[in-house]
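Heads up, the sequence shown is in my numbering, so the first residue is 7 and it goes up one at a time.
By construction, these hints were calculated from the structure, which means they are not laboratory data. All C-beta atoms, glycine included, are put in the ideal place defined by N, C-alpha and C. Any given hint might turn out to be false.
Pairs of lysine-lysine residues, derived as PhoX-like cross-links and limited to a Cα-Cα distance of at most 20 Å, are as follows [said to hold, decoys possible]:
{"id": "1", "residue 1": "K42", "residue 2": "K19"}
{"id": "2", "residue 1": "K111", "residue 2": "K35"}
{"id": "3", "residue 1": "K66", "residue 2": "K111"}
{"id": "4", "residue 1": "K98", "residue 2": "K109"}
{"id": "5", "residue 1": "K59", "residue 2": "K19"}
{"id": "6", "residue 1": "K66", "residue 2": "K42"}
{"id": "7", "residue 1": "K66", "residue 2": "K35"}
{"id": "8", "residue 1": "K35", "residue 2": "K83"}
{"id": "9", "residue 1": "K59", "residue 2": "K35"}
{"id": "10", "residue 1": "K83", "residue 2": "K66"}
{"id": "11", "residue 1": "K83", "residue 2": "K98"}
{"id": "12", "residue 1": "K35", "residue 2": "K19"}
{"id": "13", "residue 1": "K59", "residue 2": "K98"}
Computed Cβ-Cβ distance ranges for the label pairs, DEER-style [claimed, not checked]:
{"id": "14", "residue 1": "D61", "residue 2": "T110", "range": "21 to 27 Å"}
{"id": "15", "residue 1": "N55", "residue 2": "C90", "range": "30 to 36 Å"}
{"id": "16", "residue 1": "G92", "residue 2": "Q27", "range": "16 to 22 Å"}
{"id": "17", "residue 1": "S15", "residue 2": "D89", "range": "18 to 24 Å"}
{"id": "18", "residue 1": "R65", "residue 2": "D43", "range": "16 to 22 Å"}
{"id": "19", "residue 1": "S85", "residue 2": "D43", "range": "14 to 20 Å"}
{"id": "20", "residue 1": "R24", "residue 2": "E95", "range": "17 to 23 Å"}
{"id": "21", "residue 1": "K111", "residue 2": "D61", "range": "28 to 34 Å"}
{"id": "22", "residue 1": "N55", "residue 2": "L28", "range": "15 to 21 Å"}
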Amino acid sequence: MDILRFNYSTLLKRSKSRSYQLQVMELTKVLMTFLKDNSLINLEPFNENGSLKEDLIIRKSNLSDIGNQLFNIYYPKWSNYIDCGGNIENIKILENGLRALLKTKI
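Please take these sequences and the hints and turn them into a complete structure.
Right, here's the structure in full:
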């Protein structure tokens, strides 16, 4: 089964609040950049102009094994950190999670 991991348009529609939507846009951009920079995703989340694809949907099959583990374990922790007022640009939770997952793979 190809599990849905992330649906950008659904997240944007959860609230009409502009500040919420801006936070979702920023979070998605930071997350997709991290996944792409670390070769954890096998699709292109950005348009040619660098904007996020409006129909962006990430499924289990779009992520590497490590990417799926990161999404299961560390994405919720990072998301909770942001929900509690944390800085979206601070991706230490994701970086440390990736490092830990890579160590267990060796």
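Hints versus structure:
no., hint, result
1, K42 - K19, "24 Å, violated"
2, K111 - K35, "27 Å, violated"
3, K66 - K111, "19 Å, holds"
4, K98 - K109, "16 Å, holds"
5, K59 - K19, "15 Å, holds"
6, K66 - K42, "15 Å, holds"
7, K66 - K35, "19 Å, holds"
8, K35 - K83, "17 Å, holds"
9, K59 - K35, "10 Å, holds"
10, K83 - K66, "19 Å, holds"
11, K83 - K98, "11 Å, holds"
12, K35 - K19, "17 Å, holds"
13, K59 - K98, "25 Å, violated"
14, D61 - T110: 21 to 27 Å, "34 Å, violated"
15, N55 - C90: 30 to 36 Å, "33 Å, holds"
16, G92 - Q27: 16 to 22 Å, "18 Å, holds"
17, S15 - D89: 18 to 24 Å, "20 Å, holds"
18, R65 - D43: 16 to 22 Å, "20 Å, holds"
19, S85 - D43: 14 to 20 Å, "19 Å, holds"
20, R24 - E95: 17 to 23 Å, "20 Å, holds"
21, K111 - D61: 28 to 34 Å, "32 Å, holds"
22, N55 - L28: 15 to 21 Å, "18 Å, holds"
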